[in-house]
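> Going line by line, the protein sequences match chains A and L.
Numbering of the first sequence is given in the UniProt record's numbering, commencing with residue 1 and proceeding in unit increments.
Numbering of the second sequence is given in the UniProt record's numbering, commencing with residue 1 and proceeding in unit increments.
Treat the hints as calculated values from the structure; they're not laboratory data.
Do not rely on the hints blindly, as some may be mistaken.
A pair holds if it fits inside one copy or across any two, identical chains being indistinguishable in the list.
With a Cα cut of at most 20 Å, we get these calculated EDC-like pairs of lysine to aspartate or glutamate [said to hold, decoys possible]:
1. K436 with E452
2. K272 with D334
3. K448 with E438
4. K263 with D390
5. K263 with E438
6. K119 with E235
7. K331 with D172
8. K427 with E162
9. K436 with D251
10. K119 with D390
11. K119 with D172
12. K263 with E162
Number of protein chains: 2
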Amino acid sequence: MSEELRRRNVEGEAERVEHKLVRAESNSSSENLASNLRDSEIDSEDDKIGKGIDLSGNIPSGTNKAPFFLETLLQDLPDRWRNWVVRGVFSFLMLTFFLVVIYGGPLALMITTLIVQVKCFQEIINIGHSVYRIHGLPWFRSLSWYFLITSNYFFYGESLVEKFGVVINRTDFLRILVTYHRFISFSLYCGGFVLFVLSLVKKYYMKQFSLFAWTHVALLIVVTQSYLIIQNIFEGLIWFIVPVSMIICNDIMAYVFGFFFGKTPLIKLSPKKTWEGFIGGGFSTVVFGFMMSYVMCQYPYFVCPIEYSEALGSMTMDCEPSILFRSTNYKLPDFLSGFLTTLGFADSISVYPFMLHSLSLSVFSSVIGPFGGFFASGFKRAFKIKDFGDVIPGHGGIMDRFDCQFLMATFVNVYISSFIQRDSPQKLLTQVLYLKPEQQLQLFHLLKENLESRQILAPQV
Amino acid sequence: MSEELRRRNVEGEAERVEHKLVRAESNSSSENLASNLRDSEIDSEDDKIGKGIDLSGNIPSGTNKAPFFLETLLQDLPDRWRNWVVRGVFSFLMLTFFLVVIYGGPLALMITTLIVQVKCFQEIINIGHSVYRIHGLPWFRSLSWYFLITSNYFFYGESLVEKFGVVINRTDFLRILVTYHRFISFSLYCGGFVLFVLSLVKKYYMKQFSLFAWTHVALLIVVTQSYLIIQNIFEGLIWFIVPVSMIICNDIMAYVFGFFFGKTPLIKLSPKKTWEGFIGGGFSTVVFGFMMSYVMCQYPYFVCPIEYSEALGSMTMDCEPSILFRSTNYKLPDFLSGFLTTLGFADSISVYPFMLHSLSLSVFSSVIGPFGGFFASGFKRAFKIKDFGDVIPGHGGIMDRFDCQFLMATFVNVYISSFIQRDSPQKLLTQVLYLKPEQQLQLFHLLKENLESRQILAPQV
């Protein structure tokens with residue numbers, strides 16, 4: 001039978017080619033031969049590249065797979081229901097895992113982020129390797145991993161150095177790593193670059209360059225953004241937990257609203273998404289974010305940045321909460337307060353300033369956030385794959401669940417650096433203490449003079 | 001005749017297909033049909049992609065083109081000679097231009113870098129558009145340019161803010177741009193990202209994603225690295241001129257040595273490169289760099305970083321040269337000095353420390369630098385183009401001349417940040433002055449306490 005099928009298909013191919021020949025013959029434009037041939041090449045390329053390559057056989061992609069114990073448990077249910085149960089069970093498991101990791105604190109979160117990042121990278125690279133099929137060069141895959149390690153070394157190093165430099169500097173060996181961190185990272189990268197150039201094989205030039213680019217784009221998406229996630233965690237767990245929960249909430253609520261009220265299609269890319277879901281999800285996210293922020297603002301555990309305490313000699317998450325997390329009275333606008341006072345309400349409300357910032361986050365996560373998902377689903381369509389992988393039964397790959405989280409993390413990071421985080425005196429002091437003692441003294445005198453000249457400090461006689 | 005040629009070629013194509021059919025038929029392995037078909041697809045893909053796409057018709061690529069006045073002047077010369085003269089004339093013109101720009105100072109250099117960067121980006125993007133031929137979506141090109149502008153806004157902004165923040169902060173409007181710089185940049189980027197997702201057209205998914213990746217890799221290569229070049233310029237012109245000249249010197253001398261002594265091929269990728277050229281070029285570059293550094297160390301114009309002077313109220317390149325550029329005595333190792341003193345020489349030498357650093361630069365530029373060139377030539381081979389463009393007669397595109405410069409610039413930047421530049425008291429003072437006055441005072445007292453507790457500053461009664 002396989003023989004029969006093969007012949008039929010070969011005949012099909014021959015037919016297609018013939019059709020092309022006819023077209024080429026009948027093309028009577030005045031252009032030269034070369035352009036004609038190019039045209040027919042475009043067609044066949046379109047078949048394969050323009051409209052997507054079918055990778056369904058190569059990428060372990062599927063949401064239907066369920067672990068054995070669930071499979072046997074649910075065998076009597078209809079398919080549709082079984083999928084639902086599997087999806088539900090694993091959503092619950094992921095949520096539990098998320099809570100456990102939060103309970104584990106910043107280190108546990110950092111390690112989880114790293115694992116998620118590596119898994120996402122692997123899924124993207126796997127797709128790349130299936131697309132370009134350079135099975136003849138198996139160690140080319142090692143090169144991708146080498147670049148992953150190098151860039152992680154660079155980015156994680158940068159953030160650890162920035163945060164814990166003073167502590168790290170106490171050990172001689174670590175001090176060398178800190179001082180020459182960029183140089184070491186760059187040397188490692190150059191090693192990979194040279195290896196890449198040396199690995200070029202004539203027949204595969206184009207594929208190799210494509211995969212090189214593919215690897216770098218994956219690094220850009222996954223590594224740089226997960227580095228920003230780590231930075232957010234260091235600013236205080238709330239900057240991590242609230243945005244992540246918002247994306248999850250938006251996902252779920254958009255689905256729920258879409259399911260019950262969905263009528264108007266939102267975007268061609270994802271035919272199942274509707275305007276009703278988009279708006280309902282967005283509204284829910286804003287409310288949810290506001291309430292969640294209110295709760296979290298009350299716990300120093302969520303609110304304090306992770307700092308090294310000289311006094312304790314260890315890391316600490318205790319602090320005097322910053323102004324963002326202290327209840328503040330906001331006077332309502334006149335037209336509103338006039339109305340409210342006649343009704344017997346107060347003319348001001350008392351909220352944590354962070355709750356107001358949470359509005360920006362929730363608006364971003366429900367307006368721009370979904371575009372991360374659209375991007376991912378466009379990408380999957382381009383390569384005709386259903387999911388990025390199959391590690392989470394009922395959900396697909398890790399990348400399928402985290403597509404929107406990366407963009408959100410970048411937004412949070414930028415938001416913090418633009419609106420929240422100003423250089424604090426403490427932070428600058430840390431930097432000053434890096435200087436040699438005589439330079440510290442020099443800075444002291446420079447600052448003193450400057451302050452005196454501007455009469456901020458009373459000149460001493 | 002064109003008709004005849006076309007038919008012949010079409011017949012050729014049919015023959016190739018037939019050959020493939022035979023192969024497919026004769027393949028009697030136990031694998032299924034799908035894999036068989038995939039195999040034959042690989043072959044045809046290899047023809048077009050694996051072995052490179054012939055873009056010779058699309059990319060304006062050529063080193064033979066000469067401007068009209070030269071063409072008429074040289075018309076009696078044999079082709080080979082004419083190429084030589086054109087190449088020589090334009091090498092000379094470029095060198096002159098380089099000198100004029102240096103004479104013009106840092107601002108002129110910055111603008112030139114920007115222009116070169118834009119040109120390189122254009123050349124890379126042009127190739128991408130020819131490869132993926134999405135002529136149906138002309139405004140997709142605009143999106144690439146939009147990303148170029150956005151990322152330049154971000155990177156140039158970052159470096160200007162870092163360097164001239166204090167000055168910029170004096171104007172209210174500019175202060176807003178500075179304070180929210182990252183937020184504005186990110187918003188601009190998100191705009192492009194959303195536009196990209198909205199622009200996705202079903203038939204072109206794969207091509208659009210490929211070009212999106214292509215654009216981002218181009219940004220990574222061109223924009224980020226040219227940002228590093230700007231940073232190097234700010235550190236002092238010497239950090240720009242010496243490395244650039246080293247790469248040029250290495251290019252020329254490797255060619256000269258290869259021409260006269262070249263026998264042993266160096267790398268398959270560039271058949272004309274030889275070990276003799278590589279070694280001779282490297283040796284010349286080390287000597288050249290050493291001498292050039294010696295000369296340049298004597299001029300404050302080359303040596304001083306560009307700073308804003310409060311006293312002058314303007315930019316200045318006057319300074320007390322740093323220790324790097326002050327002649328220093330180095331005692332020679334014992335075995336050498338014993339030998340030299342018996343010959344009547346001194347037992348120490350006096351050099352500028354920068355000259356020793358120049359050795360690292362020249363070694364990098366002659367060992368790793370050429371790999372930038374190999375990379376570029378591999379890339380050109382993958383796409384079967386001779387040059388990246390044709391703006392410089394006799395040389396090709398801008399990218400052809402700058403392929404090694406980008407990697408070198410990154411090296412210099414990393415080198416400075418690892419080995420040269422430490423936070424200076426002045427630099428930190430600038431940061432302190434960003435704080436609010438009361439915070440400046442707070443830092444002052446914190447620092448004072450700290451210095452007193454460590455007895456660096458005598459405690460006041």
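> Please go over all the hints and tell whether each is borne out by the structure.
Taking the hints in turn, this is what the structure says about them:
no.: 1; hint: K436 with E452; verdict: between (24 Å within a copy, 15 Å between copies)
no.: 2; hint: K272 with D334; verdict: neither (44 Å within a copy, 80 Å between copies)
no.: 3; hint: K448 with E438; verdict: both (15 Å within a copy, 13 Å between copies)
no.: 4; hint: K263 with D390; verdict: neither (31 Å within a copy, 54 Å between copies)
no.: 5; hint: K263 with E438; verdict: neither (71 Å within a copy, 57 Å between copies)
no.: 6; hint: K119 with E235; verdict: neither (25 Å within a copy, 40 Å between copies)
no.: 7; hint: K331 with D172; verdict: neither (55 Å within a copy, 28 Å between copies)
no.: 8; hint: K427 with E162; verdict: both (10 Å within a copy, 17 Å between copies)
no.: 9; hint: K436 with D251; verdict: neither (52 Å within a copy, 42 Å between copies)
no.: 10; hint: K119 with D390; verdict: within (11 Å within a copy, 44 Å between copies)
no.: 11; hint: K119 with D172; verdict: neither (34 Å within a copy, 46 Å between copies)
no.: 12; hint: K263 with E162; verdict: neither (50 Å within a copy, 51 Å between copies)
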